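Visitor: Take the sequences, apply the hints, and build the full model.
Spelled out, the chains give:
Number of protein chains: 2
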Amino acid sequence: MTMNYMMLVFDFPYDGPWGDEMATASQGLAEDISTEQGLVWKIWTENRQTKRIGGVHLFNDRDAALRFRDKHLARLNLLGLKEIFAQVYEVNQKLSQITRAPI
Amino acid sequence: MTMNYMMLVFDFPYDGPWGDEMATASQGLAEDISTEQGLVWKIWTENRQTKRIGGVHLFNDRDAALRFRDKHLARLNLLGLKEIFAQVYEVNQKLSQITRAPI
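For the protein sequence lines, the chains are A and B, in the order given.
Counted from 1, the first sequence has number 96 at position 96 by my numbering; the numbering is strictly sequential.
Counted from 1, the second sequence has number 21 at position 21 by my numbering; the numbering is strictly sequential.
Treat each hint with caution, since some may be false.
[Claimed, not checked] Below, a list of computed lysine-lysine pairs in the DSS-like style, where the Cα atoms sit at most 27 Å apart: (1) B/Lys94 <-> A/Lys51; (2) A/Lys71 <-> A/Lys51; (3) B/Lys82 <-> A/Lys82; (4) A/Lys82 <-> B/Lys51; (5) B/Lys71 <-> A/Lys94; (6) A/Lys82 <-> A/Lys51; (7) B/Lys82 <-> A/Lys51; (8) B/Lys51 <-> B/Lys71; (9) B/Lys82 <-> A/Lys94; (10) B/Lys82 <-> B/Lys71; (11) B/Lys94 <-> A/Lys82; (12) A/Lys71 <-> B/Lys94; (13) B/Lys71 <-> A/Lys51; (14) A/Lys71 <-> B/Lys51.
[Claimed, not checked] Listed next, with one range per pair, are the computed distances between beta-carbon atoms: (15) B/Asp15 <-> A/Phe85: 16 to 26 Å; (16) A/Thr24 <-> B/Arg48: 39 to 49 Å; (17) A/Ala86 <-> B/Leu73: 17 to 27 Å; (18) A/Pro17 <-> B/Glu21: 41 to 51 Å; (19) B/Thr24 <-> A/Leu78: 42 to 52 Å; (20) A/Thr24 <-> B/Gln27: 39 to 49 Å; (21) B/Asp15 <-> A/Pro17: 34 to 44 Å.
It should be emphasised that the hints constitute simulated quantities derived from the structure, not laboratory data.
What you are looking at is a predicted structure, and each value in this text was computed from that prediction instead of being measured.
A virtual CB, placed ideally from N, CA and C, is assigned to each residue, including glycine.
Guide: Set out below in structure tokens:
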């Protein structure tokens, strides 16, 4: 059976904290996100040179990916964050298998 | 030892082909990309509703991620593709481990 994987990518400007400090500040959020229905995994991304952070999320359910996107867009907007890049995609499994994707 | 993982995200407008047709058209490119030094894996992403495609790439080497970004930005520009979103990040390993990241 081929799973219908979905990818959600977030990216937005951010002023810190970074690294271990960000990990401490966001540990509760990460624990909450880890329980989201349909989420296979999330990789947390940060770039203190360009002052951007984001996340790459794999879901095994299309509706769950869209619900997660809308929920977290609302959360980020409430925090006053602007210029939020948020894209949802299907995964092209044939090409991803050639490039060793962990799916 | 903690590996210094880097993430590269591409996203850009695109008119097709999609799905299996895209996989056939890009199979050679995927095989070439699979041999790139420092690339751990790439997940290929597509959204035929929004007409965007992209890729999520994990590297184990910062310089390799930047070289790959520049090489493929040049390739996409030569193909006439515009409005290319290309961001490089460090991976926040502590948060990513909480959300089951395959790293």
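Visitor: Which hint numbers doesn't this structure obey?
Guide: none
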